Amino acid sequence: MMHEANRRIAPLILAAFGLAVVPFVTSDYVLHIAIQILLWGFVYTAWSLMGKFGLVSLGHGAFLGIGAYVSPLLWNYAGLTPWLGIPIGVLMAVLLALIIGYPCFRLRVIGHYFALVTLALSQVALLTIVAARDITGGSLGMTPRAVGHSWYALQFPEKPYFYAIALVVWVFGIGVWHFVDLGTGRAALDAIAEDEGAAAAIGINVMREKLRVTVASAALTAFGGALLSQYFMYVNPDTLSGIGVSLQIVFAAIAGGMYSAFGPTAGGLFTIALPEILRISMGTNFVGAANTIYGALLVIFIIFMPRGIIGLVERRLAAAPARI
Amino acid sequence: MLEVSGLSKRFGDFPAVNEVSFALRKGEILGLIGPNGSGKSTTFNLIAGAMRPSAGSIRFEGKEIGGLPAHKVCRMGLARTFQIPRPFRRLSLIENVTLAAHYGSGSAIGEGEARRRAKAAIETVGLPGANTSTEGLGAAALKKLELARALATQPRLLLADESLGGLDHTEMEHAALMLETIRSRLGITIIWVEHIMGLLMRVVDRVIVLDHGEKIFEGLPEVAARDARVTEVYLGHARA
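Residue numbers (the numbering used here), protein chains in the order written: chain A, 1 to 324; chain B, 1001 to 1240.
Just chain B, same shape as in the assembly (with noise of 0.2 angstroms):
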């Protein structure tokens, strides 16, 4: 569903992803993970169209990518979440997710449509009262919002960032049981990108982690607890 080879980008001098590669299976899971600075956060980026790479190809259902802008990305399948969660406050909540369905399905639709598509995310994600305005809404709900927005553009590959972040212990259970639901429900491809190991382990089918912009381990999320490079860059970084 998504080949990543070579994957670069730099910043100046400052290689943030150095020639990354993999593949995505549709149906699947994966988990993103690394310390901070380890590029995983600009990987994202590239595959989502916030920026451009600096050498390297990503496909996307055999469709060139790489370096197109954010709202074709969109438009094209793959939706994203962003870390800190940009709700646009001018609108209500029902408003920022019909917007979405609106602009980034990739085909014209009505407006009764779009509201229809944006009250079947909020009810995916259970957020309460769609009319209300975004104002006073907490963490999780933020995060509620953020999903309901990329799911209003019917995505097929939804790429989450650190979904988990600034929740409390059962608000991020729930998050995480959200991220299965998905898939399971909606048969959502998913690209999951995490701070926070533990929960995210029990959820991905496999793992990729970085280091420094490289790709250090691939695979089998069991197999990467016990990798000694996996556990020396990651679990070292954590411990201390």
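Okay, chain A solo, but in the shape it has when bound (with noise of 0.2 angstroms):
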């Protein structure tokens, strides 16, 4: 037993070990990009909360661009610190999850209905911010007011400190992902995805549970949008808000494998490296390139791999001994 353990546990401590001293051995540019995947991946990871359970959102990209301008907002023209501003977003995404979930779950709006409307949400979020461009700058975006280095404004030109953020999220996100995934909770939200009236039933409150696992998400997301604005010190709403990046979310997720705890964090690692390998390879001669292939590859995914990457993987391995 205790060997097993060891076995299990030996591979994490390796890995804690491994992203703990990246800020020491690489250099500026290598450590912009791995924030950017933990980043990225925690947003991923908060969607695939409710994309596992067949709750498939195309409205995060609202949620994001919440969280992503609201505190660089209150910051900008109120001086209040992110750490009151990012809280504040979060409530803000948390109350129009419920504002858009409650009618969805109560007129049992499922499946590609939900999809449609959280897709209008989306496009709201991003008509109002392009709209209100007197405040946000509109599709030029905004800078958060540099003070240079400050744990008052979150504001943190050195990369490592960066880092050691993103990490400490991604691993929050990372638990999260599990606490939900455990226990009657899981089966819970699993036998509302396949059948909400049997769900009712035998007595499982589907709206409440439902309500609880779109909120977490909602909240997440925002939360990780607000550090994206921190660390880019520049919010645009084609980047943090609208259908392309609820499109860029849903598809991380569902490649890198929405069923698997870092299954999103893969996603992230595919979404962030690819555009980099490409933009790097091919100069900027095929600025739309990524876009096709993303778009290409996500139907390849859809049909071949529904459980993405780490699903594929996690199904080899498994597979691997009854081989032998």
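In short, the hints are calculated from the structure, not lab data. Because the structure is a prediction, the values reported are computed rather than measured. Ideal Cβ placement from N, Cα and C applies to all residues, glycine included. Don't take every hint at face value.
Some chain A residues close to chain B (C-beta under 7 angstroms, calculated; not the full set) [stated by the list, open to error]:
#1 A78
#2 G79
#3 G138
#4 D181
#5 T184
#6 G185
#7 E194
#8 D195
#9 A198
#10 A200
#11 I202
#12 I204
#13 N205
Dock chain one against chain two, each of which comes alone in its own frame, and use the hints as you go.
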């Protein structure tokens, strides 16, 4: 037993050590990529909390956008520290999730219809940001007022600081994923995903369970959005809100594998690294190439690897001992 | 135990259930029969909270439950089965039943207690191998799973929806016997909706016959079998 436990824990300790030493052995460029993978991985993990129970939301761009914009706006216009601005943004995202979730779940809007309703939400958020250009900077985006290295303003020009923050937040996201995945809560959500009527008939409060996971997912997504804007020190409606971002989130989570804890992060690795590789190898000749390749790959993933990259790896590993 | 009065459900202009009233005594097995489209399934769904009544009242143990959501009705002690079994395929057999025990009983219970209740329910209905998956279970086993899930919520009233449908003759005999056992051993009152009349008539204490959403008979099964109107709408249909 002990031996088995050691075998399970050893890779985790090794991985933690590996992740912790990254800032000391790599360049700022690699760190920049790593921070993005961790933060986006966190956002994708947040989406998969809903996605793996059949709640395919195309509205997460809205939650991400709220998280990304509220704190910088409060900082720029009211001088409010992100330590308060971020929770306010998260609360607003939660409120929006409830406003959208409640009627959807009450009227049993599920499957494709749920995806369509949330898709509209994404676009409304984008258009609102663009329309309020006097405050938000419209499609040109906005920059939080820079004050240099400051814990109060949560601004760190040095990358290792943000790497540490991103790492902690990402680990927290994986923790939440595991928490939702364990116990009767997961079984209840699985049951709801399959048959809401039968789930209600055995006493499961379908509305409450769905709202809970939706709120958790929206809150974490908004939190991720806030950290992305703090890190980039720049928010833009196209990169942190709207349908494009929503689709990117869905693609990454599905490609990586939304049924595995590390799947969405693998999706992050994929979606962050792929455009970088394309950019380096092709220069600026094929600006739209990444999106085209995403599209083609998404179709391939959904048809041939519905459980994503990590799902496939897990299946291979599980099958391996049997073959020997 | 259950009083239904003036219960109606309209779908647009179509009255699926029209002014149906009846009362149910504790410990009774009541048969609810009628030809296809007679409104028995709708009546059933109204009582179980799967649909909201257009008019009328449903009182369970003195409390109004008409229009309450299904999960609340279940937690109050009124469980149902489905005509076509609806197992949760992502979950194993024991998980299916444990989930019902956990959420359906109306009071917060621990994981251990939920599992204990689930095992007891599985044993009562006679399902073998609690840890198996639901894949590959036959019609009879799926019907048993439906029943086990309902029993795990520890109901005082069980709504059994066409427990005999899709079973062969021996399995039907077993299923009918099972309902009798559930009443006598667990003291659970039962409303049994059925399309197949023969076996039901042997087991139930009283029978209600619906036709076109209206109650056309209420009384002893042997009297129903001789009733001219019942024979006409029900047996007449069956012979046709």
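Here is what the structure says about each hint:
With 7 angstroms as the threshold, the beta carbon of A78 of chain A stays out of range of chain B, its nearest partner Cβ sitting at about 43 angstroms, so the hint is violated. Hint on G79 of chain A is violated. Least Cβ distance to chain B is approximately 46 angstroms, over the 7 angstroms limit. Contact between G138 of chain A and chain B, as hinted, is not supported at the beta carbon level, the nearest pair being about 45 angstroms apart and thus beyond 7 angstroms. Interface restraint check: D181 of chain A against chain B, minimum CB-CB distance 13 angstroms, threshold 7 angstroms, status violated.
Annotation: T184 of chain A was flagged as interfacial toward chain B, and the flag holds, the nearest CB pair being 5 angstroms apart, inside 7 angstroms. Interface hint at G185 of chain A: violated, since its Cβ lies 10 angstroms from the closest Cβ of chain B, which is beyond the 7 angstroms cut-off. A hinted interface residue such as E194 of chain A counts as satisfied when its beta carbon comes closer than 7 angstroms to some beta carbon of chain B; here the least separation is about 5 angstroms, so the hint holds. For the restraint placing D195 of chain A at the interface with chain B, the shortest Cβ-Cβ distance is roughly 5 angstroms, inside the 7 angstroms limit, so the hint holds.
Interface restraint check for A198 of chain A: the shortest CB-CB distance to chain B comes to about 4 angstroms, inside 7 angstroms, so the restraint holds. At about 4 angstroms, the closest approach between the beta carbon of A200 of chain A and any beta carbon in chain B falls short of 7 angstroms, and the interface hint on this residue holds. Among the interface hints, the one on I202 of chain A holds; its C-beta lies about 4 angstroms from the nearest C-beta in chain B, closer than the 7 angstroms criterion. Checking I204 of chain A against chain B by beta carbon gives a least distance of about 5 angstroms; that is within 7 angstroms, so the hint holds.
Because the smallest distance between the Cβ of N205 of chain A and any Cβ of chain B comes to about 5 angstroms, under 7 angstroms, the interface hint for this residue holds.
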